[in-house]
Amino acid sequence: MKMLINVAESVVADALRGMAAAHPELIVDVEHRLIVRRNAPVAGKVGLVSGGGSGHEPLHGGFVGRGMLDAACPGEVFTSPVPDQMVRAAAAVDSGAGVLFIVKNYTGDVLNFDMAAELAEDEGVQIAKVLVNDDVAVLDSLYTAGRRGTGATLFVEKLAGALAEEGAPLERVEALARRVNESSRSFGVALSACTTPAKGSPTFDLPAGELELGVGIHGEPGRERRGMMTSGEIADVVVDAVVEDLRPDAPVIALVNGMGGTPLLELYGFNAEVHRALAERKVPVARTLVGNYVTSLDMAGCSVTLCQVDEELLRLWDAPVSTPGLRWGC
Amino acid sequence: MKMLINVAESVVADALRGMAAAHPELIVDVEHRLIVRRNAPVAGKVGLVSGGGSGHEPLHGGFVGRGMLDAACPGEVFTSPVPDQMVRAAAAVDSGAGVLFIVKNYTGDVLNFDMAAELAEDEGVQIAKVLVNDDVAVLDSLYTAGRRGTGATLFVEKLAGALAEEGAPLERVEALARRVNESSRSFGVALSACTTPAKGSPTFDLPAGELELGVGIHGEPGRERRGMMTSGEIADVVVDAVVEDLRPDAPVIALVNGMGGTPLLELYGFNAEVHRALAERKVPVARTLVGNYVTSLDMAGCSVTLCQVDEELLRLWDAPVSTPGLRWGC
Amino acid sequence: MNASTAPGPVIDADFLRRWLATAAAVVDREADRLTELDSPIGDADHGSNMRRGFTAAHAAVELEPPQTPGGVLTLVGSQLISTVGGAAGPLYGTLLRRAGKALGDGTPATPEEFRDALRTGVEAVGKLGGAVPGDKTMLDALVPAVEALSFALDAGAGLADGLAAARIAADEGAAATVPLQARKGRASYLGPRSIGHQDPGATSAALLVAALADTAAEAVA
Amino acid sequence: MNASTAPGPVIDADFLRRWLATAAAVVDREADRLTELDSPIGDADHGSNMRRGFTAAHAAVELEPPQTPGGVLTLVGSQLISTVGGAAGPLYGTLLRRAGKALGDGTPATPEEFRDALRTGVEAVGKLGGAVPGDKTMLDALVPAVEALSFALDAGAGLADGLAAARIAADEGAAATVPLQARKGRASYLGPRSIGHQDPGATSAALLVAALADTAAEAVA
Ligand SMILES: Nc1ncnc2c1ncn2[C@@H]1O[C@H](COP(=O)(O)OP(=O)(O)O)[C@@H](O)[C@H]1O
Ligand SMILES: Nc1ncnc2c1ncn2[C@@H]1O[C@H](COP(=O)(O)OP(=O)(O)O)[C@@H](O)[C@H]1O
Ligand SMILES: [Mg+2]
Ligand SMILES: [Mg+2]
Ligand SMILES: [Mg+2]
Ligand SMILES: [Mg+2]
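Protein chains in written order, with the working numbering: chain A, 1 to 330; chain B, 1 to 330; chain C, 1 to 221; chain D, 1 to 221.
Derived by calculation from the structure, the hints in this document are not laboratory data.
Every residue gets a Cβ at the ideal spot worked out from N, C-alpha and C, and that includes glycine.
Please note that a few of the clues may not be correct.
[To be verified] Some chain B residues well away from chain C (every beta-carbon gap over 12 Å; in silico):
| hint | residue |
| --- | --- |
| 1 | P41 |
| 2 | V77 |
| 3 | D114 |
| 4 | A175 |
| 5 | A198 |
| 6 | G219 |
| 7 | P221 |
| 8 | R247 |
[To be verified] Stretches of chain A that chain B covers, calculated by requiring three or more beta carbons in the stretch to come under 8 Å of a beta carbon on chain B:
| hint | stretch |
| --- | --- |
| 9 | 55-68 |
| 10 | 217-229 |
| 11 | 296-307 |
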């Protein structure tokens, strides 16, 4: 598998150097692996810190900026960052109003953020945490590590980010973040496996004519393999899985997300089918975002995240945001 | 090759339906294959119309909106649109101030836009045309169809779009568009071939361990095949090719563009090497844009476009733009 | 057996409708091969472009059949322009529109009128695309085909035999594009790497000429 | 031959430095295999995670070698936490930090003190990650290894023989993860599809135990 890289070991550092060059509006600390809003800490504002393994770009580093994250901690590819990064990030963005850690529910992320929270609190930073666990493909039971965090992370970061920007205190930002997570569900499909730089070959075999339903965003196989389906059939399966779990009784924001290797042309075509499937199930769609936002390197495929919204969430969604990966209103 | 589609024949129509669902701020005419700014024609403003084969998304449809295009005409995948589309687009966006056709230099695009210009003028619309031909990989000689239009299209659409937004007359918008094209050069590299829906298999064979230098954006092979290189080596080759032809003596805007299948993580790493290569060649970089903007379906690879700028062009670059694919300042 | 004494097929609207049906069928059947040829030196769409265009043209002509041979060609040309896109759309569209206009309103056309109309159309392709024979384009099949037809008619052959000769010339012309380096169209981007591949447009041109020859042969049979 | 009468290796800082050097080398050598194991039921990073961590830990210990065995383990644990990330970083890091702290400032440690420290560390892993043996995690190698060591020491064996027994138990424990369905970590997402694969963390745990056994064996040789 060919990659546009120097060596596997430097992939994350190289990307950070490239982000620094492209985004003078951000502070990119290549040595300590941090991406920080330039004007951090913003006086009186709750700081939002997230992070996770690299390979999901623009998540999280591309969501640092006004109206979203104050800092992001990129780990190695598909590997949770280490506590040192999060502690440093918390210190960098804490204005005294406290810091919210937005953590995708993976064992590694949870353990590292937990350690960081303890250390940061020792240093006098008030820390709250929200776990994102929206992936309905994983049974949330004693027999798993719990549901994975995927597309809902974007909603949590955007909506909690907008509320923090308004000056809300930590408890309210935390409560809202939790509410957004609880209002969001995702389901993903892979048409191909992805290739990590360290491994250099696809993480699993996916023969021609088959796809994986219920994949995560780390190149892990899904729960079920099926024969290839049309985009309309895939939309039905995905929307069914999400809607059955979420049971929305209000409009939703739909994130029709590409895994990285699927052309935007196909993604828009898929969005048409998702809208059709939602209309058939009488789920009104208030807003739609189509694109590669929570990716899995070069994996071909897609995921759908629905976030049920009320007036407040919709207002926060429409609020200005200015980051490399998501920008409107300013 | 698996694709997220229904059938190959409906790919473009499906994508347009999906764009319509995602972007209520645009008029998407699925039947006539047009994407038009909702408030078109804008009184007194020159209308900007572009178009080309599909498969390069977000180009062109994703660049319709304030500060950029007034309308885009998507053709079939890698196939120039037909004159009917352009004539209808011109009629839809002409406020009386005339319309600029932005045409990538491919035989098909040129012939179809030429025919459309004749027909539109018969209908009383004043038409100006600018050819984009920035790809230094193709010799601009009697023995070729002339240089291809690739990444510079984004610069022409953005900068001419900003000038048109200011109310400049057609001659000035046309002249600026021409100047932007003349100030821009590109060079592309493929790490893999792409697969069109109609063909269903890669358009050319690219063995492991080899890459193609000087590729276009239609899945055509490049001018030369080489053994695999590091991202730093690729940056040197690409920057050399562009800088030798452009010979900039002023700052440039750099577009570090993904072909579609290369993860953003790699693209940012490549951007670091492009900046290094430019610094070594003493070319100052005023602005940088990293991402998948002028793509070639699922092709892995990248291209670099440099646009030499002066104060005016930089001001126009920074001017507000609000389109699905490019958005800032509003 | 003297070909010129055989009753030539009548070149009326119906003759060209039958040609169109044959051409649409053969383009549909050969679309994948045309797209394959367009892959190594192009963008892998020529077959689907031609199929889309001829399907639309055939449907349009069957919906409201023009009464004159010129009318059929003009309508087919307009349909190709409106539905094909790419390089092939305007080029084939112009060829047939100009040929149709050259035929005017008369019906039927004589073989010589038909030959002259085709020549006018092919010349328009050269003018529009700026290509000459040897540039590795559709002209490498079209020009020899018209010349062979012309030569045969001048020598006293009937239309069927003339088109049979044109078919051979078009096939040979298409085959002869293999060793050429492209100087027009997408293939020219490849420079010397375009050598060794048959031009897809020349190949489709040969198919269209063959359909004409078949239609004429069937008419005399 | 009575193992307990053989002069046991001294468990001092130097002994654990030698273990670390061996462990770092074996992790480096086996990194690709660990990543391979992490592919079908994980995210293909365990080998590179472990290599990064042990390389950093080894470098840190060599740069400023701690004077006590507890100091070495604590430093290695901290280094793993600071450099590995993922699930393995906090888990292995906590294991070694807790073990190091349990050893306190004394030097050298007795085999029993060492065993108790390891048990404390392994118990901390269980607490932190919420897993129990049978969940298809590193604990499936670690728990039997500590038990085997403990059993051997209680039966009068020396450290080298005790660790040799621990190594066998760890290997068997790792191998025994193959038929298990994962209930913790990434592999649990796969549900029944996680069956039939050896757990990468259990495999790396067995490598670390083996390095300990080798270090002890070399010390008595
Ligand atoms: N300038 C030209 N003059 C004549 N024929 C041309 C010219 N450019 C291209 N062609 C013909 O068009 C064919 C390609 O058609 P097609 O694949 O449908 O369009 P595109 O190249 O736009 O994808 C070529 O094989 C060639 O025969
Ligand atoms: N909750 C847990 N308790 C104990 N060990 C665990 C737990 N979760 C995961 N592991 C171990 O960690 C290993 C994976 O480590 P690694 O691949 O480095 O981290 P990640 O899963 O974050 O990519 C698994 O093979 C398993 O042995
Ligand atoms: Mg991992
Ligand atoms: Mg084409
Ligand atoms: Mg083509
Ligand atoms: Mg892993």
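Hints, one by one, checked against the model:
No beta-carbon of chain C is positioned within 12 Å of the beta-carbon of B/P41; the least distance is around 24 Å. At roughly 7 Å, the least C-beta separation between B/V77 and chain C is not larger than 12 Å, which violates its mark as non-interface. A cut-off of 12 Å between C-beta atoms contradicts the statement that B/D114 is not in contact with chain C; the least separation is 8 Å. Listed as a non-interface residue, B/A175 keeps its Cβ farther than 12 Å from every Cβ of chain C; the least gap is roughly 26 Å.
The beta carbon of B/A198 sits about 4 Å from the closest Cβ of chain C, which is not more than 12 Å, so the claim that it is off the interface is violated. With 12 Å as the threshold on Cβ separation, the claim that B/G219 sits away from chain C is violated: the shortest Cβ distance comes to roughly 6 Å. Once the 12 Å rule is applied to beta carbons, B/P221 is inconsistent with being away from chain C; the minimum gap is 6 Å. Every beta carbon of chain C lies more than 12 Å from that of B/R247, the smallest distance being close to 23 Å; the non-interface claim holds.
Taking a C-beta to C-beta cut-off of 8 Å, the stretch 55-68 of chain A contributes 4 residues in contact with chain B, enough for the three needed, and the coverage statement holds. Check result for the stretch 217-229 of chain A against chain B: violated, 1 residues qualifying (beta carbon to beta carbon below 8 Å, three or more required). A stretch counts as covered by a chain when three or more of its residues have a beta carbon under 8 Å from one of that chain; for the stretch 296-307 of chain A and chain B the count is 5, and the coverage holds.
When the structure is compared with the earlier hints, violations turn up for hints 2, 3, 5, 6, 7, 10 and for no others.
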